[in-house]
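Novice: Now for the letters of each chain:
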Amino acid sequence: MHSEDRYRHATAASGVGIWKWHLATGELYMDPLLKEMLGYEDREIRNHLEGWGRLIHPDDAAAVLELARAHIAGEAPLYEIEHRMLHRDGTVRWFLARGSVIRDADGRAVSITGTDSDITDRKLGEEALRKAEEIHKRIVDSTNDCVKILDLEGRILHVNREGLKLLEQPDISALKNRPIDELFEGALRVAAQEAVAVTRGGGCGRFQAPIRVTSGITRWWDVVVTPITDGGVITQLLVVSRDITDRRRDEAFRAAQLQMFETIAADGALSDALDHLVRVVEQHSGGMLCSVLLLDDDGISIRHGAAPSLPADYVRAIDGVQIGPRTGSCGTAMYLADRVVVTDILTDPLWEDYREAARLAGLRACWSQPIFSPQRRVLGAFAMYYGEPRAPQDRELRLIESAAHVARIAIEQYRSHQALRRSEARNRAILRAIPDWMFLTTADGVYLDYHAKDLSRLHAAPSSFLGKNVRDVLPVPIGDTLARAVARASTADEPEKVEYSLGSGDAQRFYEACIVGCDGDKVLSVVRDVTDRKRAELEAGAQRLELAHLSRVAVLGELTGTLAHELSQPLTAVLSNAQAARRLLNRSPMDVTEIKDALDDVIKNNRRAGAVIDRLRALLRKEDTPLQPVNLNEVAREVVELAHGELLSHHVTVTSTLMPETTVVCGDRVQLQQVVLNLVLNACDAMTNTPVPQRQLMLATRAENGFVELLVSDRGVGIPEQDLERVFEPFVSFRKKGLGLGLGLAISRSIVDAHEGTIRAENNADGGATFRCSFPVADARTLEKTV
Amino acid sequence: MAVVDDDEGVRKALGRLLRSMGHTVQLFASAEEFEAQGTAVDCAVVDVRLPGASGLELRDYLRSKSAPTPVVLISGDPDPTAADPIRAMDTPSIGKPFDDFILMAAIADAMSVEPRVSGSHA
Numbered sequence: 001m002h003s004e005d006r007y008r009h010a011t012a013a014s015g016v017g018i019w020k021w022h023l024a025t026g027e028l029y030m031d032p033l034l035k036e037m038l039g040y041e042d043r044e045i046r047n048h049l050e051g052w053g054r055l056i057h058p059d060d061a062a063a064v065l066e067l068a069r070a071h072i073a074g075e076a077p078l079y080e081i082e083h084r085m086l087h088r089d090g091t092v093r094w095f096l097a098r099g100s101v102i103r104d105a106d107g108r109a110v111s112i113t114g115t116d117s118d119i120t121d122r123k124l125g126e127e128a129l130r131k132a133e134e135i136h137k138r139i140v141d142s143t144n145d146c147v148k149i150l151d152l153e154g155r156i157l158h159v160n161r162e163g164l165k166l167l168e169q170p171d172i173s174a175l176k177n178r179p180i181d182e183l184f185e186g187a188l189r190v191a192a193q194e195a196v197a198v199t200r201g202g203g204c205g206r207f208q209a210p211i212r213v214t215s216g217i218t219r220w221w222d223v224v225v226t227p228i229t230d231g232g233v234i235t236q237l238l239v240v241s242r243d244i245t246d247r248r249r250d251e252a253f254r255a256a257q258l259q260m261f262e263t264i265a266a267d268g269a270l271s272d273a274l275d276h277l278v279r280v281v282e283q284h285s286g287g288m289l290c291s292v293l294l295l296d297d298d299g300i301s302i303r304h305g306a307a308p309s310l311p312a313d314y315v316r317a318i319d320g321v322q323i324g325p326r327t328g329s330c331g332t333a334m335y336l337a338d339r340v341v342v343t344d345i346l347t348d349p350l351w352e353d354y355r356e357a358a359r360l361a362g363l364r365a366c367w368s369q370p371i372f373s374p375q376r377r378v379l380g381a382f383a384m385y386y387g388e389p390r391a392p393q394d395r396e397l398r399l400i401e402s403a404a405h406v407a408r409i410a411i412e413q414y415r416s417h418q419a420l421r422r423s424e425a426r427n428r429a430i431l432r433a434i435p436d437w438m439f440l441t442t443a444d445g446v447y448l449d450y451h452a453k454d455l456s457r458l459h460a461a462p463s464s465f466l467g468k469n470v471r472d473v474l475p476v477p478i479g480d481t482l483a484r485a486v487a488r489a490s491t492a493d494e495p496e497k498v499e500y501s502l503g504s505g506d507a508q509r510f511y512e513a514c515i516v517g518c519d520g521d522k523v524l525s526v527v528r529d530v531t532d533r534k535r536a537e538l539e540a541g542a543q544r545l546e547l548a549h550l551s552r553v554a555v556l557g558e559l560t561g562t563l564a565h566e567l568s569q570p571l572t573a574v575l576s577n578a579q580a581a582r583r584l585l586n587r588s589p590m591d592v593t594e595i596k597d598a599l600d601d602v603i604k605n606n607r608r609a610g611a612v613i614d615r616l617r618a619l620l621r622k623e624d625t626p627l628q629p630v631n632l633n634e635v636a637r638e639v640v641e642l643a644h645g646e647l648l649s650h651h652v653t654v655t656s657t658l659m660p661e662t663t664v665v666c667g668d669r670v671q672l673q674q675v676v677l678n679l680v681l682n683a684c685d686a687m688t689n690t691p692v693p694q695r696q697l698m699l700a701t702r703a704e705n706g707f708v709e710l711l712v713s714d715r716g717v718g719i720p721e722q723d724l725e726r727v728f729e730p731f732v733s734f735r736k737k738g739l740g741l742g743l744g745l746a747i748s749r750s751i752v753d754a755h756e757g758t759i760r761a762e763n764n765a766d767g768g769a770t771f772r773c774s775f776p777v778a779d780a781r782t783l784e785k786t787v
Numbered sequence: 001m002a003v004v005d006d007d008e009g010v011r012k013a014l015g016r017l018l019r020s021m022g023h024t025v026q027l028f029a030s031a032e033e034f035e036a037q038g039t040a041v042d043c044a045v046v047d048v049r050l051p052g053a054s055g056l057e058l059r060d061y062l063r064s065k066s067a068p069t070p071v072v073l074i075s076g077d078p079d080p081t082a083a084d085p086i087r088a089m090d091t092p093s094i095g096k097p098f099d100d101f102i103l104m105a106a107i108a109d110a111m112s113v114e115p116r117v118s119g120s121h122a
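If you read the sequences in order, they're chains Z and V. Sequential numbering of the first sequence, starting at 1, is according to our numbering. Sequential numbering of the second sequence, starting at 1, is according to our numbering.
FYI, nobody ran anything at the bench for these hints, they're computed from the structure. For every residue, glycine included, the Cβ atom is placed at its ideal position computed from N, Cα and C. Careful, some of the hints might be misleading.
[Stated by the list, open to error] Label pairs and their calculated CB-CB ranges: (1) Z:Gln722 - V:Gln37: 52 to 60 Å; (2) V:Glu57 - Z:Pro589: 38 to 46 Å; (3) V:Met104 - Z:Gln694: 39 to 47 Å; (4) V:Glu57 - Z:Arg535: 53 to 61 Å; (5) V:Ala67 - Z:Gln722: 54 to 62 Å; (6) Z:Thr657 - V:Gln37: 31 to 39 Å; (7) V:Glu57 - Z:Gly706: 48 to 56 Å; (8) Z:Thr657 - V:Thr39: 38 to 46 Å.
[Claimed, not checked] Per the computed footprint, the stretches of chain V lying under chain Z, defined by three or more beta-carbons under 8 Å from a beta-carbon of chain Z, are: (9) 2–11; (10) 17–29; (11) 91–100.
Work out the full structure, taking the sequences as your base and the hints as a guide.
Specialist: In structure tokens:
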């Protein structure tokens, strides 16, 4: 067995290929396994240095040959190198080559024999690890947190780049190997030591701490310490410190904002609210003093807002100053509506007029941020003062912007709160001032709330109606009427109006309710006590009735002649029939049928006389009658009957054109008769000089657009145009006879007005005059009121 | 006898009364109706106030004929002669309502059977 074969046999299973390089010939024997590792058959690669050399990665070839040379020359004790080889499939393989030179008896190098092992997997693992570590390092370096690595004793080994920046250190040298607890003072130093101890024991330490950095500003840190382990053994400690200064400040701002709102909501002064904000800002920025100035409504005067830490004399000196282009930092900032930064008050021209006051107050630097309303109107300014000349850092500018923003919210909150209070006060004043009562109900009429200026004048105590239905609270017809109106109002756009009265006699009071839907499913009823007005109306109504009655009596006086005639007819018939009957009784044979007919006619004509008397009685009646549905057709017919004699004696023919019977108006039947009778008698008078065949009186009714019209038209002399309106004035009479009071048409108009109607006179194109009365048609709702 | 009155109740009643007195009676609602009938009657009881031609006009017409018909004027007005006292003067006139004997007297007067009577319900 060839010795190389033995080697191979020995190493075949180990992934290691052997080789032997004869230096004199350049022959390089390679284990077929070695060739196989690179994807080749044994015969495909010549066993010569040149054949192998081509498979070495070009970047590594020089190093491999140089090491071989050095080893042969005795300069390198070992031939051992990791290098890359090119696999047949184009990939790169890592090999660990190890070998040693064999010398002859004279010490001359004859050959080098060694092994090659494929270490690609290990190398790739290492590469991956290196990359992972690189990424990890970059993460650590790119984080905004301060990351430190400590040894188990708590000494600083490493600080990431951001950490150095945050700690304001150029490099790690000042920190290296310093115990971390030296960064803290007092109790916090103990906290740091404890955190290290806890972590060393496998736990996790955490504490929050302020650290004053070299620039003099205190920053707050949230410090977390965790163990770094290697194979389950804690080797180092990892400290991640997060700068929570801004977060803490934001939280403080938020808390300040809340407290400000509470102060404002509790009707506290705006200056108290702003004081709180100023203190919070000052507390989060070492050595800085703040103030808030407000711009007066006049837009030019500065008003003190809040400055709890500034000297009182200084605050007083500024209050009332007018803004301008050179008015310190704040006055100028408000004037320019832009931030103003003054790094040294003693030299800046803006402060010329206020330099002494600032010097006495020990103020040297001041920057001011205008406070804007959402409409960019200047509300005031937020200022930061320092005792030494200095320029603001970015973070300080951010801080002043935040503070100005919070101040704006507070100012606006305060103003809107004040506006709300004023409008509430105004509403209360209005409510106090108006005598009306208001009731809020559901759409079903259940009382929810009320407003009453004077509780004692309410019909019932609030406790007795709240939560109850109006139907159960008020007497039946009124409660029902109101409940129906409330239900209608809840769905309608138009307000419902209802008039009603409660109580009786002297205690009777009249109310007018205006009912509107509101809030979707609720209904507001505004109720007014209209008793006084109602009584005045009733009194006027009574006078009107009295006058109307007098007028009727006067008209009937005029009618006496024709009425006597009207009565004489049935009375004649009665008497004659009765006497005829008596005579018939004495005759033989008795004509019983004729006697019975005579008696029937007695009864009939007696009734006829009774009807005439009834009509008279109605017209002469004085008292008011309740409103009722009235058919104007019936009124017209009754008047024609009543005036029959008068019409006959004037030789006046009546033509009636009446509308269908169904339409009614709401009114007083007798009064409406009076109006029509008056118009009919006037028409007769007007035609005194008209030739008999033309003495025609037209009576017409018609319903149109929700109104019923009644027309009385004559063929008389007409009315002078200029008097068409005057005829309705009292004591203006156009009646020839000089009869009556001259009140007829005036009374007629007042009656028509009381029926919410109109009456007017016009001349006909073909002669004579027409009087036109118009009344609203009674619908279900107006009729309901008559109940 | 003729009764001329536009009021049906009065007309019927007077007709019945006169019949009960033994007269034969004809009834008319207006002067025109009566004239159109053209019947000769012993006496006409005529209402003063009639639609169309009035009672007085009818009386004048009847008087103008070759054989004048006696007329009794009846009226519902308080004073039947008030409207035209001169013209009514020589005609018996009675106011409604009247007793049967007043009517009989007036008819007799008109027919000049009895001394002239003028009266009223009063």
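Novice: Quick check: do three or more residues in the region 2–11 of chain V have a beta carbon closer than 8 Å to a beta carbon of chain Z?
Specialist: Result for this restraint: holds, n = 3.
Novice: Lying within 52 to 60 Å: is that true of the beta-carbon distance Gln722 (chain Z) to Gln37 (chain V)?
Specialist: 54 Å, holds
Novice: Residue count check for the region 17–29 of chain V against chain Z: does it reach three with CB-CB under 8 Å?
Specialist: holds (count 4)
Novice: Could you say whether the range 31 to 39 Å given as a hint is met by the Cβ separation of Thr657 (chain Z) and Gln37 (chain V)?
Specialist: Since the Cβ atoms of Thr657 (chain Z) and Gln37 (chain V) sit about 35 Å apart, the hinted range of 31 to 39 Å holds.
Novice: Measuring from beta carbon to beta carbon, are Met104 (chain V) and Gln694 (chain Z) in 39 to 47 Å?
Specialist: 42 Å, holds
Novice: Do the beta carbons of Ala67 (chain V) and Gln722 (chain Z) sit within 54 to 62 Å of each other?
Specialist: 60 Å, holds
Novice: Look at the Cβ atoms of Glu57 (chain V) and Arg535 (chain Z) and judge whether their distance stays inside 53 to 61 Å.
Specialist: 60 Å, holds
Novice: Are there three or more residues in the region 91–100 of chain V whose C-beta lies within less than 8 Å of some C-beta in chain Z?
Specialist: holds (count 6)
Novice: Between the beta carbons of Thr657 (chain Z) and Thr39 (chain V), is the distance compatible with 38 to 46 Å?
Specialist: 39 Å, holds
Novice: Cβ-Cβ distance between Glu57 (chain V) and Pro589 (chain Z): within 38 to 46 Å?
Specialist: Holds, at about 42 Å.
Novice: May I ask you to test the hint 48 to 56 Å on the CB atoms belonging to Glu57 (chain V) and Gly706 (chain Z)?
Specialist: Check passed, 50 Å falls within 48 to 56 Å.
Of the numbered hints given earlier, the model fails none.
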